[in-house]
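K.L.:
Respectively, the protein sequence lines represent chains A and E.
Read in the working numbering, the first sequence has 732 at position 106, and its numbers run on one by one without any break.
Read in the working numbering, the second sequence has 114 at position 111, and its numbers run on one by one without any break.
Honestly, the hints are just simulated from the structure, not real lab data.
Cβ coordinates follow ideal geometry from the N, Cα and C atoms, glycine included.
Misleading hints may appear alongside valid ones.
Unchecked claim - Sample of chain E residues lacking proximity to chain A, with all beta carbon distances greater than 12 Å (derived):
hint, residue
1, Gln9
2, Val16
3, Gly20
4, Asn30
5, Gln41
6, Lys45
7, Lys61
8, Gln75
9, Met81
10, Gly86
11, Thr90
12, Ala94
13, Thr108
14, Gln111
Said to hold, decoys possible - Derived lysine-lysine pairs resembling DSS-like cross-links, with alpha carbons at most 30 Å apart:
hint, chain 1, residue 1, chain 2, residue 2
15, E, Lys61, A, Lys730
16, E, Lys74, A, Lys691
17, E, Lys8, A, Lys691
18, E, Lys61, A, Lys691
19, A, Lys730, E, Lys45
20, E, Lys60, A, Lys730
21, E, Lys18, E, Lys61
22, E, Lys60, E, Lys74
23, E, Lys74, A, Lys730
24, E, Lys45, A, Lys691
25, E, Lys60, E, Lys45
26, A, Lys633, E, Lys45
27, E, Lys61, E, Lys8
28, E, Lys8, E, Lys18
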Amino acid sequence: SAVISQKPSRDICQRGTSLTIQCQVDSQVTMMFWYRQQPGQSLTLIATANQGSEATYESGFVIDKFPISRPNLTFSTLTVSNMSPEDSSIYLCSVEDLTRQGGKQFFGPGTRLTVL
Amino acid sequence: QQQVKQSPQSLIVQKGGISIINCAYENTAFDYFPWYQQFPGKGPALLIAIRPDVSEKKEGRFTISFNKSAKQFSLHIMDSQPGDSATYFCAALFNAGGTSYGKLTFGQGTILTVHP
């Protein structure tokens with residue numbers, strides 16, 4: 627499976643600021659996904675990031691709040707903009723492993739964000 | 004409908020016992036059903052997965068049972084160990100075959116505690 631790393635692993639931020647989270651994969655992947663996991667909750671997909679095109683956002687998530695970049699096939703960033711305490715969550719990136727039969731998604735370790 | 008409903012919310016099992024977690028889905032277009040295991044502070048790890056053309060898949064102590072007509076699937080952990088204590092998520096995916104890419108819809112999660 628692909629090895630996925632995320633930076634930072636955790637951060638504490640002030641209300642109104644922005645944080646950019648990086649996701650790096652050790653192999654080229656077509657699709658990367660960004661999820662949010664609020665404390666004690668399940669995972670919710672924020673957006674799908676395809677290299678060379680605009681990210682596709684799920685209902686309830688907008689580009690102004692969560693801009694995403696996907697400059698190449700191994701890297702993506704998610705920015706959480708104008709943060710509020712409600713944005714305190716774990717943010718996870720995932721990739722789909724196409725070396726195996728389609729559908730296997732693997733997750734990074736996550737970025738634990740606390741907004742004060 | 005894209006919901007996946009998971010039960011129970013929490014489960015306590017004695018060491019050596021069988022842990023059973025159930026999931027139900029509504030949309031028959033789902034064609035790939037993975038289970039993820041998540042330890043505190045870590046990203047979800049793919050545990051085992053099944054496609055609707057088989058009724059059961061076993062990998063070591065972990066077994067998925069799939070009932071297509073009932074639109075239900077379950078995870079069985081045999082000989083449960085304290086190291087299995089984690090949160091388990093079922094999920095479902097559209098368009099998992101070929102070169103199509105899909106987004107995962109997660110269940111609510113089950114916190115499993117295995118007592119020594």
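K.L.:
Each hint should be assessed against the structure and marked as holding or not.
P.N.:
So, going through the hints one by one against the coordinates:
1. Its closest Cβ contact with chain A, about 8 Å, brings Gln9/E to no more than 12 Å, contrary to its assignment away from the interface.
2. No beta-carbon of chain A comes within 12 Å of the beta-carbon of Val16/E; the shortest separation is about 20 Å.
3. Look at Gly20/E: its CB is around 25 Å from the nearest CB on chain A, clear of 12 Å, so calling it non-interface holds up.
4. The Cβ of Asn30/E lies farther than 12 Å from every Cβ of chain A, with a closest approach of about 15 Å, so its non-interface assignment holds.
5. For Gln41/E, the non-interface assignment is contradicted: its Cβ lies about 9 Å from the closest Cβ of chain A, within the 12 Å cut-off.
6. Not every beta carbon of chain A lies more than 12 Å from that of Lys45/E, the smallest distance being close to 6 Å; the non-interface claim is violated.
7. The claim that Lys61/E is not at the interface with chain A holds, since no C-beta of that chain comes within 12 Å of its own (minimum 18 Å).
8. With 12 Å as the threshold on Cβ separation, the claim that Gln75/E sits away from chain A holds: the shortest Cβ distance comes to roughly 18 Å.
9. Once the 12 Å rule is applied to beta carbons, Met81/E is consistent with being away from chain A; the minimum gap is 23 Å.
10. Once the 12 Å rule is applied to beta carbons, Gly86/E is consistent with being away from chain A; the minimum gap is 19 Å.
11. Not every CB of chain A lies more than 12 Å from the CB of Thr90/E, the least distance being 9 Å, so the non-interface label is violated.
12. Its beta-carbon lying about 8 Å from the closest one in chain A, Ala94/E breaks the requirement of being farther than 12 Å from that chain.
13. At roughly 8 Å, the least C-beta separation between Thr108/E and chain A is not larger than 12 Å, which violates its mark as non-interface.
14. With a least beta-carbon separation of about 5 Å from chain A, Gln111/E fails to lie farther than 12 Å from that chain, contradicting its non-interface assignment.
15. Straight-line distance between C-alpha atoms of Lys61/E and Lys730/A comes to about 17 Å, which keeps the hinted pair within the 30 Å bound.
16. A distance of roughly 36 Å separates the Cα atoms of Lys74/E and Lys691/A; the hinted pair therefore is violated under the 30 Å criterion.
17. About 29 Å separates the Cα atoms of Lys8/E and Lys691/A, which keeps this hinted pair within 30 Å; it holds.
18. This hinted pair does not check out: Lys61/E and Lys691/A have alpha carbons roughly 42 Å apart, beyond 30 Å.
19. Restraint check for Lys730/A and Lys45/E: the C-alpha separation of about 18 Å stays at or below 30 Å, so the hint holds.
20. At most 30 Å may separate the alpha-carbon atoms for a hinted pair to count; Lys60/E and Lys730/A meet this at roughly 16 Å.
21. Straight-line distance between C-alpha atoms of Lys18/E and Lys61/E comes to about 20 Å, which keeps the hinted pair within the 30 Å bound.
22. Proximity of Lys60/E to Lys74/E is assessed by CA-CA distance (about 16 Å); at most 30 Å being required, the pair is judged to hold.
23. Taking the CA atoms of Lys74/E and Lys730/A, the gap is about 21 Å. The hint holds against a cut of 30 Å.
24. Distance check on the hinted pair: Lys45/E and Lys691/A sit about 25 Å apart at the alpha-carbon level, within 30 Å; holds.
25. For the hint pairing Lys60/E with Lys45/E, the CA-to-CA distance comes to about 26 Å; that is within 30 Å, so the pair holds.
26. Between Lys633/A and Lys45/E the alpha-carbon distance is near 14 Å, which keeps this suggested pair within the 30 Å criterion.
27. Our distance criterion of 30 Å between C-alpha atoms is met by Lys61/E and Lys8/E, whose separation comes to about 22 Å.
28. A hinted pair counts as satisfied when its Cα atoms are at most 30 Å apart, and Lys8/E with Lys18/E qualifies at roughly 27 Å.
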